[in-house]
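Enquirer: Residues per chain are reported as follows:
2 protein chains.
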Amino acid sequence: MSGRCRDYGVVRNHSSPYCRLRSVDLRSVRWTSGFWAKRFKQCHEESLPHLWELLSDPDRGHALTNLRIAAGLEDGEFVGTHWQDEWLYKWLEAAASIYAITGDPALDRRMDEVIGLIGQAQEPDGYIATQTTVRGWKRWQSIHHHELYVMGHLITAACLHRRITGKVSLLEIACKAADYIGDTFGGRDPALAHFPFNPTIIMASVELYRTTGERKYLDLANLFIEMRGSSPEGSDVNQDAVPLREETEVVGHSVLSTYLYAGAADAYMETGDPSLLDALQRLWRDLTERKIYLTGGCCALHHGLSIRGHEVHEAVGPAYYLPSATAYNETCAQIGNLMWNWRMLAISADSRYADVMERCLYNSILSGIGLDGASWFYTNVLRWHGREHELLSGDARQRFQPGQKDICCPSNLLRTIAEWHSYLYSVSEEGLWVNHYGGSAFDGPLADGRPVKVTQETDFPWRGEVRLTIELPGPAEFALVLRIPEWAEGAGVEVNGDPAAATPGSYVRLHRTWADGDAVFLSLPMPPRLVEAHPRVEELRGQVAVVRGPLVYCLESVDLPEGVRISEVHVPQDVCWSPRHDPSLLGGVTVLEGEVRRVPEGDWAGRLYRPLRPVPGEGVRARLIPLYAWANRGISEMTVWMPAC
Amino acid sequence: MSGRCRDYGVVRNHSSPYCRLRSVDLRSVRWTSGFWAKRFKQCHEESLPHLWELLSDPDRGHALTNLRIAAGLEDGEFVGTHWQDEWLYKWLEAAASIYAITGDPALDRRMDEVIGLIGQAQEPDGYIATQTTVRGWKRWQSIHHHELYVMGHLITAACLHRRITGKVSLLEIACKAADYIGDTFGGRDPALAHFPFNPTIIMASVELYRTTGERKYLDLANLFIEMRGSSPEGSDVNQDAVPLREETEVVGHSVLSTYLYAGAADAYMETGDPSLLDALQRLWRDLTERKIYLTGGCCALHHGLSIRGHEVHEAVGPAYYLPSATAYNETCAQIGNLMWNWRMLAISADSRYADVMERCLYNSILSGIGLDGASWFYTNVLRWHGREHELLSGDARQRFQPGQKDICCPSNLLRTIAEWHSYLYSVSEEGLWVNHYGGSAFDGPLADGRPVKVTQETDFPWRGEVRLTIELPGPAEFALVLRIPEWAEGAGVEVNGDPAAATPGSYVRLHRTWADGDAVFLSLPMPPRLVEAHPRVEELRGQVAVVRGPLVYCLESVDLPEGVRISEVHVPQDVCWSPRHDPSLLGGVTVLEGEVRRVPEGDWAGRLYRPLRPVPGEGVRARLIPLYAWANRGISEMTVWMPAC
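In order, the protein sequence lines correspond to chains U and Z.
Residue numbers for the first sequence, in our numbering: 1 to 645.
Residue numbers for the second sequence, in our numbering: 1 to 645.
Isolated chain U (complex conformation):
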């Protein structure tokens, strides 16, 4: 085990030569107040133990039981999906991240116990995947057995555990697994060409390289990238029809694609291969200019065909295909997109990537977890017709409790919320970068090792005012680099009362010799705004959505006068939305209140078309809530997009 490991963030790119921004230590950032402090607390105190309870329950999650059976400690049968193990590994990753902040010794002990069990379940040659071991199945018989997928998550969790606890127990298991994978795939057996179907192994291998310094793990990541499109039977469903470097279209399963691109970005950070970065930039433009939802959702299709005619599922749609009511938008796809954009941001220091992260996180990721921290959505629609809604992708009428299935999103959300604070700040030779906003404190070294403490006071995302206070042992010259989100038109920055220029959609660099107690005041105006979509998006023609700051709003039927249907609501182009913070509603949200137009639908019984009749509308009061908070008040109708009038 190399001694190179130092304590850095979730993506340990401290020594990557092709990054403009470096992650900061997970422990150098803490939530202090507000939106995220509350969510982190809930994640620690409620979601983490709740998911532990489910996954360790032999009758529900069965994940721990599968490991015990594989370890020979219990008799029984494998129960669950082919990726049941990764529930535990993502739980471990989240636990390590929370432990980094809380230092909770009970959590440390529980992690040690689980790791001991994992070690016992690992086969002597390093292979570990209970879905095959317990059943006595032959290895590598089907890409859908997801053996590499679960091992990828194991390795990722191990790197973080090593970094945070200093212990090598899980890392040793991970290296053994990675060495086994290297032996298995290194010879490039054509029969195994499609096995990196669900490509967590790529991010994992790069991170293992960063953690251990062993070049072979970086080579392993590159091997898996290069296997894509290398065989004539490759399919678009897992981005396997065309070599990644030649691909021009984001295609296929959106969790697979975003994880692949995130892994390739990790590889680029270490190799600097320009053809890889070219491809990633090209694909990012394809996704963000033609295929992404306003909410950051990147998965229009439950099932369909790719542009090359391959059958795909849970997949990005064709260009400009963005239906609301049937949107799939699996929560994990948006988490993959967040991870990919985080890496692109590190590479480029281009604030557009942070804008996408923000859009995903506050809307199509957070909508995936109930306000109770214990219920989830697998898919994230933008319109819901209440009890009349027919959708076969699971019962999205109500948020679900994970049982033996549908386990990927809850633990993915768990680790994302547990790690989000580490995405707020980055460092570079220039200084300290503030990528995202939230009541927090950074207390750590700049890239050159000089210590700095910055306190961020804000009620973001409800208000756009942010006060940053600098604490220093003595004057120090560096830049404080603040992201001005693309939506923050009219943004202003003041340093100790002196204004500085701030352009939306960029970083503003405040380079100076800072003194202890210096204060920066950032103002990000958040007027509610109507947004329209590209005219090629036929599902959104003539419709508007309402956004305020990073939040996409929605209209839920419980917030309309009795008897008014969601579909009757039209939004005047000159509507005036009044923001009002209601601390007692939905855990505390800023609602938007205004007068919209109700255009009575009249009688549609038995007909699908009718002659257009000018109908006199009437003004009605409506209240919009942030999309992430929908479906927490029973079964309702909901819509993000509404006809403009």
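A hint or two may mislead.
A pair holds if it fits inside one copy or across any two, identical chains being indistinguishable in the list.
Unchecked claim - Lysine to any residue pairs mimicking SDA-like chemistry, simulated, CA-CA at most 25 Å apart:
(1) Lys405 to Glu311
(2) Lys138 to Gly72
(3) Lys138 to Arg30
(4) Lys216 to Arg245
(5) Lys405 to Gly309
For the record, the hints were derived by calculation from the structure and aren't laboratory data.
Keep in mind it's a predicted model, so treat the numbers as computed, not measured.
Mind docking chain Z on chain U? Use the hints.
Expert: Then chain Z, alone, in the frame of chain U:
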């Protein structure tokens, strides 16, 4: 061979006890002038020989060559799709229908030659399907070999050929084939449960029963209906997951579903089984109230999932899913829908079924054939983005010429146009029914055998005035029953100058003692109208389409001022469309001219969403053409639905 066969229409339901309306003899109706006279002439003189040339060409269609090889007259390999044979059978059906009117002896000789060849290609036990015979494949190995599909078309063609020519040559082949099928499927071998995948055999068997009087053929049809949903592996793709009588949703491949329903309606006509009619009425409501395009298209999905989660293709969409640009709407699906509705009309005498026939025929069926009569669309979209359009369902940029593939629609269109005149009139105990309009003459017996001649003078569909003149050997009491289409608000009828009531969406009965020379004048007002869609159709929210009479109109980019994009056009709710007939445009069409609003799109480069900005629009002149005539002037942009303003 029974002598029961008499000369009746395409659906020979003359003696069906459960029909309110009976088909008339194909030869009792002739086109005299106008829209359909021209199309019938083109069908006879251009399309029929053109398709013959293609199908008999060994290098292109290869259909005749396959038969020759099967007959042992030539050496060679099978070339084409698994349903190559049915190209020839539908050609034969169209040829027989045209021969009925023209009496062209050359056509008769050609039919005889082909029938001789078919007889030689038939295997001794009655089986005939060159796709397996020529290849030496085992029979009944895959539902996708379409053996029953081609034999179904053979039988249908044979019934019509017998009826029109009086010859039994093809009918004998058909009976031999049907008897073989009866022997094969009569035992209900579970291994064959899914073979009536493409259910032409049902309509065919009922028609064979009608033609021969042999009850076993009706039993065979019922057997195939009852096989649906009888096995646990049945899929929604071919309506095989649920028994037809219990089904509540139109699902799956739309050619398969509409042919199945048409066949079941045929069976109902002969058996009067109320549970079958219940199911058909329920499914018809599901289709017309939730799943059909304004154009009559009934096939939203190229590929996707059914409501029960089965993979389906070329299929009806989920409820209210009606995208324009990606609409599949295979021409044959609408022809299937036309055939189904024709049977429902015969059963019920309910004019709503004729309304659906009309909507399909004039819009999503006729759009499938080029004005040259020699080029085709497989799919029928409602919006096209010109050269920028990406759609993987074939190259819909230009109409295609059938080669060895894509053969089903051209010959299906051919037979539909060749037979359409026989759908204009029906008879019942009450009298003569006029279901559809067009310059034509009916000269035949009423149901009780009394002769009557009715001449229909009209410029339909361009004008809604219809003059019907009655010729009788002497006074006769009967009803002349005229369909008032659902779109004909303000319709009026006059008998010899005396007005009678006429309610849109119904038949008006003019019961009296008619005298030679009596004249009925029907006025069906055709003001251009804006139509809106049900608010659940998210692709059509806030948009309008323009219809006039039976025609759906579209905007094609060549009819806009230079530089104006289709997507910039908004339609004022109070737009005034001026109809103008242009005999030199597109073979003679009535265009609609008016001032629409151009709302410049501005710059969308690199973005998918943007803040809504009120943009001052400007008036521009636009010209709309009937949808069926689009894509006859090069590659253009086209749209049926346009945002209202």
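Enquirer: For each hint, tell me whether it holds in the structure or not.
Expert: Against the structure, the hints come out as follows:
Proximity of Lys405 to Glu311 under the C-alpha cut-off of 25 Å is found in both arrangements, the shortest distances being 23 Å within a copy and 21 Å between copies. For a Cα distance limit of 25 Å, the shortest separation of Lys138 from Gly72 inside one copy, 18 Å, qualifies, whereas the shortest one across copies, 51 Å, does not. In this assembly of identical chains, Lys138 and Arg30 lie within 25 Å of each other by CA distance neither inside one copy nor across copies; the values are 46 Å within and 72 Å between. Proximity of Lys216 and Arg245 under a CA criterion of 25 Å is satisfied intra-copy only: 22 Å inside one chain copy versus 63 Å between copies.
Only between protomers do Lys405 and Gly309 lie at most 25 Å apart by alpha-carbon distance; the minimum there is 17 Å, versus 30 Å within a single protomer.
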